[in-house]
Amino acid sequence: MNKRKTALIETFISKVKEKYPSLIIDYEFCSETGEYDIWHTDSRLQFEDHDFLKYVGKLMQEILFDNNLFEFCFGYDHLKFKELSSSYNYDVIVNEVETVLINDGTKEIEFYITNDDSVKLTDLKLFYNRINKLNNFNIPNGSDNFLFNLEQSNIYANNQDERLVA
Amino acid sequence: MKKNLLKKAEKNIKTGAWAEENGFFDAAVSRFYYALYQKILYILKTRYSFDTAPIEDPHNATLQTFEQNIVKELEHDEIVWIKNLGKIKRCRVYADYNEDIISDKNDYNLMFKINYNNISGVLEKFIPKE
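Chains as they are written, first to last, in my numbering: chain A, 961 to 1126; chain B, 5 to 134.
It should be emphasised that the hints constitute simulated quantities derived from the structure, not laboratory data. Heads up, some of the hints might be wrong.
Stated by the list, open to error - SDA-like, lysine to any residue: derived pairs with alpha carbons at most 20 Å apart:
| # | chain 1 | residue 1 | chain 2 | residue 2 |
| --- | --- | --- | --- | --- |
| 1 | B | Lys93 | A | Phe1007 |
| 2 | A | Lys975 | B | Asp81 |
| 3 | B | Lys93 | A | Ile1023 |
| 4 | B | Lys109 | A | Phe1030 |
| 5 | A | Lys1040 | B | Gln72 |
| 6 | A | Lys1040 | B | Lys76 |
| 7 | B | Lys93 | A | Lys1018 |
| 8 | A | Lys1040 | B | Lys12 |
| 9 | B | Lys93 | A | Lys1014 |
| 10 | B | Lys12 | B | Leu114 |
| 11 | A | Lys965 | B | Tyr98 |
| 12 | A | Lys1018 | B | Gln42 |
| 13 | A | Lys1014 | B | Ser107 |
| 14 | B | Lys93 | A | Asn1027 |
| 15 | A | Lys1018 | B | Val75 |
| 16 | B | Lys76 | A | Glu988 |
| 17 | A | Lys1042 | B | Phe130 |
| 18 | B | Lys93 | A | Glu1031 |
| 19 | B | Lys93 | A | Ser991 |
| 20 | B | Lys117 | A | Asp997 |
| 21 | A | Lys1018 | B | Glu77 |
| 22 | B | Lys76 | A | Glu1031 |
| 23 | A | Lys1042 | B | Ser107 |
| 24 | A | Lys1040 | B | Tyr38 |
| 25 | B | Lys117 | A | Ser1003 |
| 26 | B | Lys109 | A | Ser1045 |
| 27 | B | Lys129 | A | Lys965 |
| 28 | B | Lys11 | B | Trp22 |
| 29 | A | Lys1042 | B | Asp111 |
| 30 | B | Lys76 | A | Ile1023 |
| 31 | B | Lys129 | B | Ile118 |
| 32 | B | Lys93 | A | Glu992 |
| 33 | A | Lys1014 | B | Leu78 |
All chains should be built: construct the whole structure from the sequences, respecting the hints.
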């Protein structure tokens, strides 16, 4: 890896995060192709948010192309998304209300929904977005992030009226 | 003769569409990728006097040459799609050689097809209509 180029890539990423602070975005260097793979895990931003594309394209121009850095690719990475989400096993229990359990292998977080349909990860994403005003549900594994989840769980577990309406 | 590249691309698009309809998503990724690559070769040859790709690592060299030239002519949002080409190529390598099979249509769309459609839309601007 080239220090000048990695510094430019990191500047680019930090500028993206200035506007989209909850976005999970990172990069890897591929020694086989000599290309930097800049990836993120928000499909909604990539595929539905035109302002995001315009903002990112402008940053590419100003920070990377203008400094003669072309050896990179950028985009939503579905395999990374699945990898980061893989520890969250979720299930639906049909009782009086339907319950979604998110499990990291040690603890469970419970959410209530009123939807009869099967629960998808995207439903949870919408829930997180609404409650936390976040742009992204995709929280990487780690004790700090898990505590964040628990905190949200505690808030809603004690207040039935404010529980999730998916 | 350069237009033969577009004919080849069309054949790959038809093959890719057939594979997609039948749930052969790995094959669809591969065919659609090559359709894009052939269109890129056509644009490079007709617009930027590109001769032939180097024998060593031809895809990466061609894509990088294409990207460096074309981004000067694109809007900011279009640039983002063209800079997705490397990911499309990685997806093709995954579809061709990885032990995992792309069997879910949602995965196929999110890994490849939506990107492909957007990149293809940008390329069409540089291909003359019949």
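Given pair status - asparagine 1027 (chain A), lysine 93 (chain B), alpha carbons within 20 Å: Cα-Cα ~25 Å, so violated.
Given hint leucine 114 (chain B) paired with lysine 12 (chain B) - CA-CA distance at most 20 Å: Since the Cα atoms of lysine 12 (chain B) and leucine 114 (chain B) sit roughly 26 Å apart, the hinted pair is violated (cutoff 20 Å).
Mind checking the alpha carbons of lysine 129 (chain B) and isoleucine 118 (chain B) for me, to see if they're no more than 20 Å apart? holds (18 Å)
Between the alpha carbons of lysine 76 (chain B) and isoleucine 1023 (chain A), is the straight-line distance 20 Å or under? Given that 20 Å is the threshold and the Cα spacing comes to 15 Å, the pair holds.
Need the status of pair lysine 11 (chain B), tryptophan 22 (chain B): alpha-carbon distance at most 20 Å? holds (17 Å)
Pairwise hint evaluation, isoleucine 1023 (chain A) against lysine 93 (chain B), where the allowed Cα distance is 20 Å at most: violated (24 Å)
Against the 20 Å threshold, does the CA-CA distance of lysine 76 (chain B) and glutamate 1031 (chain A) hold or violate the hint? holds (15 Å)
Hinted pair lysine 129 (chain B) and lysine 965 (chain A), Cα distance within 20 Å: violated (31 Å)
When you check the alpha-carbon spacing of lysine 93 (chain B) and lysine 1014 (chain A), does it fall within 20 Å? violated (23 Å)
Tell me if the straight-line CA distance from lysine 965 (chain A) to tyrosine 98 (chain B) falls inside 20 Å. violated (27 Å)
Is the Cα-Cα distance between lysine 93 (chain B) and glutamate 992 (chain A) 20 Å or less? Holds, at about 13 Å.
Satisfaction of hint between glutamate 988 (chain A) and lysine 76 (chain B), Cα-Cα up to 20 Å: violated (26 Å)
Going down the numbered hints, you'll see the structure goes against 3, 4, 5, 6, 7, 8, 9, 10, 11, 12, 13, 14, 16, 17, 24, 27, while the others check out.
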